[in-house]
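Q: Sequence:
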Amino acid sequence: MKFQDYLQKILNEEAQKHIDRYHVYHNAVHLEFLRNQKRIENPPQKKIKKPNYWKLDPKFNPFYVRRKSKSIAKSIARKVASGNYQPFSPYEKKIPKPDGGERPITVYQIPDAAISRVYFERLLAKNRHRFSAFSYAYRDDKNVHFAIQDISLDISRDARVFVAEFDFSDFFGSISHAYLEEQFGENGFLISEEERHVISAFLKDRPAGIPQGTSISLFLANLVCWRMDHALERAGLKFARYADDTIVWAKSYEKICEGFSIINDFSASAGVRINAKKSDGISLLTSKGLPAELASAKSRIDFLGYSVSVGSVSIKRNSVKKIQKQISYLLYRNLIQPLKGSKLRGLVIPSNDSDEALLTAISQIRRYLYGGLSGDHLRDYLNGRTKRIYFKGIMSFYPLVNDEKQLKELDGWLVSTIHRCVQLRNRLLKKWGYDRSHSFPFSVAHSDILEVYRAHEISGKRLLEVPSFLLVFRAIQIGLINRGIENIMNPESMDYDY
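The sequence shown begins at 1 in our numbering and counts up one residue at a time.
Do not take every clue at face value.
Stated by the list, open to error - Cross-link-like lysine to any residue pairs, in silico, SDA-like; alpha carbons within 20 Å at most:
| id | residue 1 | residue 2 |
| --- | --- | --- |
| 1 | K251 | R160 |
| 2 | K255 | S283 |
| 3 | K38 | R333 |
| 4 | K430 | Q337 |
| 5 | K408 | R333 |
Keep in mind that the hints were calculated from the coordinates and are not lab data.
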């Protein structure tokens with residue numbers, strides 16, 4: 001396939017990706033508006049927004065790019081062939097970080113994003129084998145879950161191990177261009193003159209750093225860490241690196257100090273500072289309850305969205321809080337919000353042992369946890385009556401979790417939270433003159449919720465069954481054994497904010 005034809009194909013794919021996202025957003029806003037019309041009085045007007053940078057240039061607009069893809073591809077292919085290609089100035093924005101501060105993101109015009117993707121894929125295809133086996137980010141043969149599996153299996157072989165945890169400050173934004181360019185001709189990487197020109201074009205007008213938000217930077221991020229990865233391997237150290245998040249472990253304190261020195265040397269050479277606030281440094285990881293001679297001893301380490309201990313993999317505490325916050329929000333907006341304030345806004349008042357708001361809330365929680373599955377789907381899969389299902393709920397972002405105690409606690413938390421919200425809803429209904437204390441679901445005791453809700457059929461279906469973290473976990477475990485990580489994990493695992 002000629003370069004121009006291939007570029008047009010990638011252009012159309014990039015444009016369609018943005019169009020699909022816009023349609024998902026549009027449909028979600030419309031459905032929410034329809035729900036609000038049924039749920040509350042005087043719902044807010046439906047407002048469909050477009051990204052403000054679409055107005056800056058039509059080549060930010062995916063509908064325009066799809067329509068003009070042939071002529072755009074022809075123009076860019078000519079510029080690349082003559083060595084005159086330069087990306088247009090990107091739109092720059094900052095997004096808040098979970099721990100405070102902001103992360104700069106650059107949004108390139110769709111044709112430039114397509115060129116970036118073409119060269120990323122080309123560079124990765126011929127250089128993939130050069131990257132360390134312990135580098136897991138921005139590759140098509142490894143992912144975050146592979147890293148967690150390797151870490152958990154390795155540290156579980158020892159009751160105690162020394163661990164060094166590091167995070168870099170503004171990793172993408174502070175990489176030294178001189179250090180990066182040194183790597184082009186070293187360590188066996190195959191980079192053509194044309195590819196160097198395209199890379200230089202994306203780095204132009206930047207005193208340091210590589211842009212976040214474009215594919216080619218993903219290859220460069222791994223390239224710049226190659227020397228550090230290789231030094232850790234030569235020192236006989238075990239490690240896992242996902243972009244700039246790095247964990248190193250060793251049986252001896254002497255070895256782990258050597259790992260610290262290697263990372264410190266890389267930091268000085270590449271111009272990337274170690275983030276002292278987010279880096280725990282050297283610790284002793286032990287099984288819970290074992291004596292430890294270091295004050296910085298710990299029983300688990302956090303890496304991305306997971307928390308790994310000797311023999312156990314859990315969801316990280318901050319990630320658990322995000323999950324609980326989302327579920328609490330779904331309950332609040334359906335059960336509580338319409339009854340709050342100085343005026344009753346709820347349009348549907350519970351009656352005849354029925355509460356549509358509770359049904360909506362539980363349905364939304366079920367979709368959040370299970371994707372499009374039901375409890376019966378999961379049980380059929382566990383019992384072998386269904387051979388294959390697809391996991392798309394929140395738990396599919398954590399397929400390697402095996403801490404059943406944590407999942408049982410989350411199930412208990414969910415039941416308690418539903419009970420508290422239903423009882424608060426009961427009190428608010430009384431305030432407006434609707435006493436439903438002696439009817440379902442308000443008369444159900446906390447201890448009876450699981451049984452009674454599941455037995456309460458709607459149109460012959462158990463639509464009020466409370467979803468279970470433990471149930472979907474057990475189904476995912478069967479899927480892991482039968483189909484492997486990549487066929488079970490959520491397809492958006494690479495883009496999820498752990």
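Q: Going through the earlier hints one by one, which of them does the structure break, listed in rising order?
A: 5
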